[in-house]
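Asks: The chain contents come next:
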Amino acid sequence: MSDPLPLGGEVTPGAARSLPAALWRAIRRDAWTLTCAIIVVAIVLLAVGADLWVAIEGQDLNENIEALGPDGLPAGPLGGVSADHWFGVQPLRGIDLFALVAYGARVSLLVGLGATVLATVLGVLIGASAGYIGGWWDRVVSWASDVMLGFPSLVFMIALGAVAPIEFPRQLLLIVVLGIFGWPRVARIVRAQVLSLSKRNFVSASRVMGGGTWHVFTRQLLPNLWAPIIIVSSLTIPSMIGNEAALSFLGAGVLPPTPSWGRTISDAIDYFETDPMYLIFPGLMLFLITLAFNVVGDSIRDELDPKSKGRG
Amino acid sequence: MTDLLELHGVEVSFNSVHAVRSVSYSVAAGEVVAVVGESGSGKTVTAMSLLGLLPTTAKVSGRALLDGRDLYDMPPADLRKVRGGAVGMVFQEPMSALNPVFSVGDQLVEAIKAHQDLSTADARERAIELLDLVGLPEPARRFRSYPHELSGGQLQRIVIAMAVANEPKLLIADEPTTALDVTVQAEILELLRDLRSRLRTAILLITHDMGVVADLADRVVVMYDGQVVEQGTVTEIFTAPREKYTQELLGSVITLGARATEGVERALASELVVRENHLAVSEHPATSSVPDVPAVEPVLTVEDLTVVYGGRLRAISVRAADRVSLHVEPGEVLGLVGESGSGKSTVAGAVTGLVKATSGCVKVAGADIARVRGRAAKALRRKIGVVFQDPLSSLNPRTPVGDSVAEPIRLHKALNGSSVDKRVAELLESVQLSASLRNRYPHELSGGQRQRVCIARALALNPDLLIADEPTSALDVSVQAKVLDLFRSLQEEYGFACLFISHDLAVIEQLAGRVAVMHRGHVVEQGPTNGVLAEPLHPYTQRLLAAAPVADPEEQARRREVWRQLKV
Amino acid sequence: MRVVKFVAGRFAGMVVVLLIVSFITFLVFYVLPSEPAQLACGRPCSPQALELAREFMGYNVPWYQQYFDFLGGIFTGRTFGSGPSAIHCPAPCFGYDFQNNAEVLDQILDRVEVSFSVAIGAAIIWMVAGVGLGVLSALKRGTPLDRITMAVAMAGVSMPAYLAGMLGITIFAFGLDVVPKNGYVPIGEDVVQWAWHLVTPWLVLAFLHAAIYARLTRGQMLETLGEDFIRTARAKGLTERRVVGRHALRNVLLPVVTVFGVDLGLLLAGTVITERIFSMPGVGMLLVDSIRSLNLPILLGVTLFAALLVTVVNFLVDLFYGVLDPRARLT
Amino acid sequence: KPAGQSGGGQVKAGGTLYLLSDSPTQQYDPARSSSLVVTGLQFVHRRLTSWKVAPGQDTTIVPDLATDTGKPSDGGKTWTFTLKDGLKYSDGTPIRSADVKWGLERSFAPAFSGGLAYHKDLLSPGLTYKGPFEGGQELSSIETPDDKTIIFKLARPYGDWNWVASTPAFAPVPKGKGAEANYGEKPVASGPYQIEKFERGKEAVLVRNPNWDGKTDETRPAFPDRVVWQFSQQTNVISKRLIDDTGDDKNAFGTSFASPAQLAQIQGNASAKSRLVTSESGALAYLALNTQRGKLADVNVRKAFQYAINKSAYQVASAGNAQLAGDVATTLITPGLAGREQFDLYQTKPEGDPNKTKELLSAAGMPNGLDGLVLVSRAENDWPRKAESIQSSLAAAGIKVTIKPLDEETFTAEVQNKENPDYDLVLTSWQPDIPSANANIQPLFQSTEIGGGGYNVARYNNPDVDRLITEAQATVDPAEAGKKWAELDKKIMADSPVVPLIYTRNSYLHGSAVGNVKIGRFPAYADYRQFGIIQ
Ligand SMILES: Nc1ncnc2c1ncn2[C@@H]1O[C@H](COP(=O)(O)OP(=O)(O)OP(=O)(O)O)[C@@H](O)[C@H]1O
Ligand SMILES: Nc1ncnc2c1ncn2[C@@H]1O[C@H](COP(=O)(O)OP(=O)(O)OP(=O)(O)O)[C@@H](O)[C@H]1O
Ligand SMILES: [Mg+2]
Ligand SMILES: [Mg+2]
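Chains as they are written, first to last, in this note's numbering: chain Y, 51 to 362; chain S, 366 to 933; chain F, 1258 to 1588; chain P, 8 to 542.
It should be emphasised that the hints constitute simulated quantities derived from the structure, not laboratory data. No experiment lies behind these values; they were computed from the predicted model shown. What you were told as hints is all true, and nothing was included just to trick you.
The calculated lysine-lysine pairs, modelled on DSSO-like cross-linking and capped at a C-alpha distance of 27 Å, are: (1) P/K91 with P/K155; (2) P/K19 with P/K59; (3) P/K59 with P/K91; (4) P/K78 with P/K160; (5) Y/K249 with S/K743; (6) P/K425 with P/K137; (7) Y/K249 with S/K721; (8) S/K728 with Y/K249; (9) P/K209 with P/K257; (10) P/K160 with P/K91; (11) S/K424 with F/K1397; (12) Y/K249 with S/K748; (13) P/K59 with P/K84; (14) P/K78 with P/K155; (15) P/K91 with P/K222; (16) P/K184 with P/K91; (17) S/K446 with F/K1397.
Label pairs and their in silico Cβ distance ranges: (18) F/Q1322 with Y/G184: 36 to 44 Å; (19) F/K1262 with Y/H265: 36 to 44 Å; (20) Y/H265 with S/Y674: 21 to 29 Å.
Heads up, the beta-carbon is just placed ideally off N, CA and C, and yes, glycines get one too.
Using the sequences provided together with the hints, build the complete structure.
Replies: Right under this line is the structure:
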């Protein structure tokens, strides 16, 4: 899985803006960002309130072959879209597609955010320590992240899925696996940032004044790392969501019957000609959330990093 | 004499910023016109507008006539012929002015071929000729070098060669020497002078260094806030400035007072030249450092300090400090001078413990800084304050300056609660800053203010020893003067000992009681300031002194002669 | 001499990486609850038959011994069984695949052409398109062209590979029926058919990647155009074309080449999803199939092969980087 | 349209038949093959016996290389076959009884194991014989007194030995040949075709064997002149090509079953629909209950499961509708096998009766139903969806299960090989390898088949049943044996170790120029032998 968005290595710390302020500015400046922010919020609401929305729709995740035609496809046009079934139903089983998509959003977002948080925490700890401590530890970290980045990680994710005991919650497993394979990207950026910060005199000054490693790290470095951390993580979320879906697509994601966009899409692909709506709803959702996170993340970067302004 | 270049009512604005307002001046053929003025006064913008090199956001109006043709409304193809053809341009930072991925020869050939219809081989020959012209040794070999393989001075020579490749009538030089050492600067200025006489090229020189102006210019244009406030011949401006701003500008120039280099003595026979407390090594370039002079009860002693960078895995190792021995007595200011890369910061780093000594030792108040651990180490830290060169990078951009000043106090738990705040206010006041600035972030302060904050932080715990590594070199001349004044008065008031690093001899002369001169990792000379500056013993010190230009055309002409003699 | 030392150093590093990669792969799959000898046991499979199969395939020794056997095979080759029916796998033996009755290396080499065809073709398209559009966008910054390119690039970056692939094949092959539905024609057999069968995967992969490269190039271009040396080049009187095409582009390519190295390395080693969707019998497909059937020898072989490719390509890119950037050259 | 065949014109000899396969290769080494008599292997290899299949009829055994279907003696312990006259290999050499013996001996060599192995334990109990290659030992339980006669001395009486003689290992291999691992890519042919070209992952081309004599072969009309396998084809592409039906694809047959998604698409396309062949019956899909685990050890709890499953929903989830999915199953023996009796011990609606399940669970002391059961299924194809359907049914009946989808290999290792496997329910299906109830019952319910790679995944252990199985196996008279198996069927169902779901129908799609596509009652696979090109 390659980097979807190459990140600028370094963020000028001069711009001491906070994340909410940056986000707010980006939203106000650009209608496109605003739209995407709304999409993110909408999908998050969809996921969080899945039970509520599905209850309002009057459906659940149960099998319902009455909603199917004689060939096992949804009865009625457009994949069975109706007042009862907002997105229609799943072929062969008649499960409400809106319910599948809504609960699937929950999994996608949970895994996407969880994996991002884990990758970020690991990446920051490892990257910052490598950049700050240097020496052999730095070499080990650089080398390990090279190995990780050049690894057929998919193989491992699939294999680990097979090794893990059934009792182990799948979402957690996905978060852990994606997080572990995601840290090098964060670590590289944080390391580069720490290296350049360490050369700055305020870090030297703090050390000369007698500040210990922990003091220097928390008081001097960390406040200056927030911007790159936020940027890299906001751009990691969509790739993690995509990775979860890809793993589910390859059959190594969450276990059935837990709804997952990747699994639904993988299933729906076979029905693209007979029941296109089955693919379109979850596929569009996946595309939209990825796009929206990317656009918003990008805008935040533009705001926080004056050097990259207008990059696109 | 007809004017080669005439500017009439030039205006430049960027969106809302009106950067240049109604600027008019002219340059005659073969003449050197210097444009001076403080940072941001519009010197560069004006010059760049001539060749249409401003970003597209800039709006330019007025007229700029080159040989009677208006540069501002020339068709792009014609303007391209002027660029590098009739007008050559030299920029401030030679390192970034050259494309790092092409060899310097390539870039030079390209400049030639853009204007002359030569075969590649001929262009190459011409390029080597030019490299020779600008005084680059081994031009044929250098031709294939890449920018990163050359020193700043060499690169600036190449940039100049490129600018004069097509024998321009006008050479625009925007701060061509500010990024360079004084010694190198003197050579570049000599080169420009030489080119002018040989090629009869007019030079539009942009600088803020009045010494450089005195050295090279025929006429001076003074700019302030986007406008020309005064112009005249160099003698007029230096002897009888009319405008208040020009007077101020000249007033804040710190000049080397000592009439250095009278009677150049060169017959140095033995290894060490000793004159009371004034020592110097005799060879040049030096292969060893002078021993320390005896000390009574020093706050700081550096004994046989050697620092080697790299080595082991990396192939090349740098001996940045070689058996350096120094001391600083309580209340004394020791100046450390030398050109870039001579190892000054390395010594400072070893003293503060940021750089690990390869051998030798550093003692602060009798304790070896590399040996002490735990509480003793922390106690030792209290006794040292540090001020760095670049005030912006010395302050955490995400911390209000008040907190930065309070950091050492909190770290050492010297005070608590509200008394910390009181102490911070006190400190800010002592560096002549309003206590109300404490909640500001560094980027909300000016350069001078920031440096004051740094000084306040360094003094927060009443240190016995202050290390100041080029504390004013990033500041504007006028600001620099104020900060130095403050520094001197604080030193008198608090009486701390100080290791003061600078590459500017004039600054050292004002502050330091004793001075040590470094060259390529060795201390080549040390002694009382007036002794060293008035009667330098080591050839390198002599050259350093001679190379520093002074803001007085006549005096500068004399010094230039001395420098030329020394050069041989 | 330096170069030799450098290459030797890199090579040693590569070997260590490969050892670790192979060891981890081996361990992960070793602890999987699977019985690799099962397939060779037949139906019905008695415990005795299973034991015989395990013995024959070399699975009856402790795990570390199996790993050493595997490593040893690379240098000395291996023989399974004895007598006339023994199976010989000559050095370098990356294992023997009993499920398909073939040497792992042969199987990988059989597939390499496909993966390389897919990867290299797509890479050429996306480099040209991505870098070209990125440069154009940067030069025409703020114009509709720039906006549209960047919007499409954003869509490309956000599009999951399998969705793009499926849409591509469904629309162009199944729907419009303008390109072949699947399969691969070796380049040696018929160049036109070869290209024709690869058009869709190329375009899909190129679309996804070109997006990244266009964005990267554009950002880099804008930054480079602000550099001092560009101003110098203009001040020399060079044409804008030369300023952009020579001075700026070369510098823009530096980071692009680094990213390209990683991407190409991974891609050459097989694009799991693309190959699956377009039924290209490449290394990626081999990998997926071997994961499905837990074919340990193939898995080990492919993982090693992939790691090898990634490291080798990165090494080549480093060398090439040296050509582009003299600062990175060995001195 | 009758089940088991499609319409179409008259086939004639000649033409090229294309077989579109999603697997990367086709095993043509008889020792390693598990191909049924009717599918791929038979183009190249003949066996001692063969099957006569036809839509709507029970499958019977017929001779192939042998003159008859074998003569049992010694109460079914000794079986004698005689080869037909004039049989020749593709290289022109005669086929001798020693070659059949050699082929079987070869199948014992570890290098060539992997095929159907029903003969092994009967010929060499405990697999003490390790093949002819190391040490050159012969298998003493097979005697070849002359070039025509072959006598099998079995370790115990076995009534179905004539059926076993139709498995791939009974194909002749010229004595002394076939030591190389890739023998399967260029075998010496005894059937109507020989391999001209073989490329793993790409294609295999079969052309006529000039030395094959149709007069000695009653089951193979061998219409096409050439048969071309196209390997490694993506299933959705196969179905697309067959639906489009253009060019060479008219002559093509898709060797894998049409998936539900494809079926749905075919339903909407009249032309394709007319070229879809669906079997009458097929593999028994069932839910095995781990009889050795927790509450499921209680037969009353197990019986409650019989009412819980919504088999209608299962049919829809499997193939879209009941017609394509297959009939609801209530017995273990599948239709088309001799002796089968239709019965239903747990009568209920096809939708199931969750309330009855709840009642029965209450009665067994579980008023709140069951929770935390693990349901294992395959991870491939449609299994996860079918498992979800089962899960839904069980949930409605108060039984909560977690699905654990396993890859094929892992499935085998976890479910079939482990001492104490971690599952309560297994969703799987069983297609016998020979058309005998024996092959339907014994592998699934004899206690010897628990663990160690056996298929008794219900871990059903009933000494009574074991004894009856041994008895039925030893019965040589088919009618008598059939009765015994039917009794066993009922007896086992009374213990409720599994819930039969459906007799899974298989559907194939073929091009318009392929004729004679027929599926008998057993097996539920198209009979490749009959295929011909309509010209
Ligand atoms: N690209 C630009 N966009 C907006 N404002 C600019 C731009 N370039 C220069 N300016 C502004 O124009 C004014 C004049 O700048 P200029 O670079 O000419 O100063 P200068 O006299 O050369 O100063 P210095 O000595 O620091 O080089 C400054 O206020 C500067 O901020
Ligand atoms: N971390 C380092 N690794 C390797 N070489 C170094 C390092 N730091 C400094 N050097 C080298 O050591 C020498 C002395 O450097 P130092 O910074 O002490 O010089 P300086 O006198 O302070 O110069 P400047 O006036 O430019 O600040 C230089 O040649 C420099 O390139
Ligand atoms: Mg300027
Ligand atoms: Mg320094």
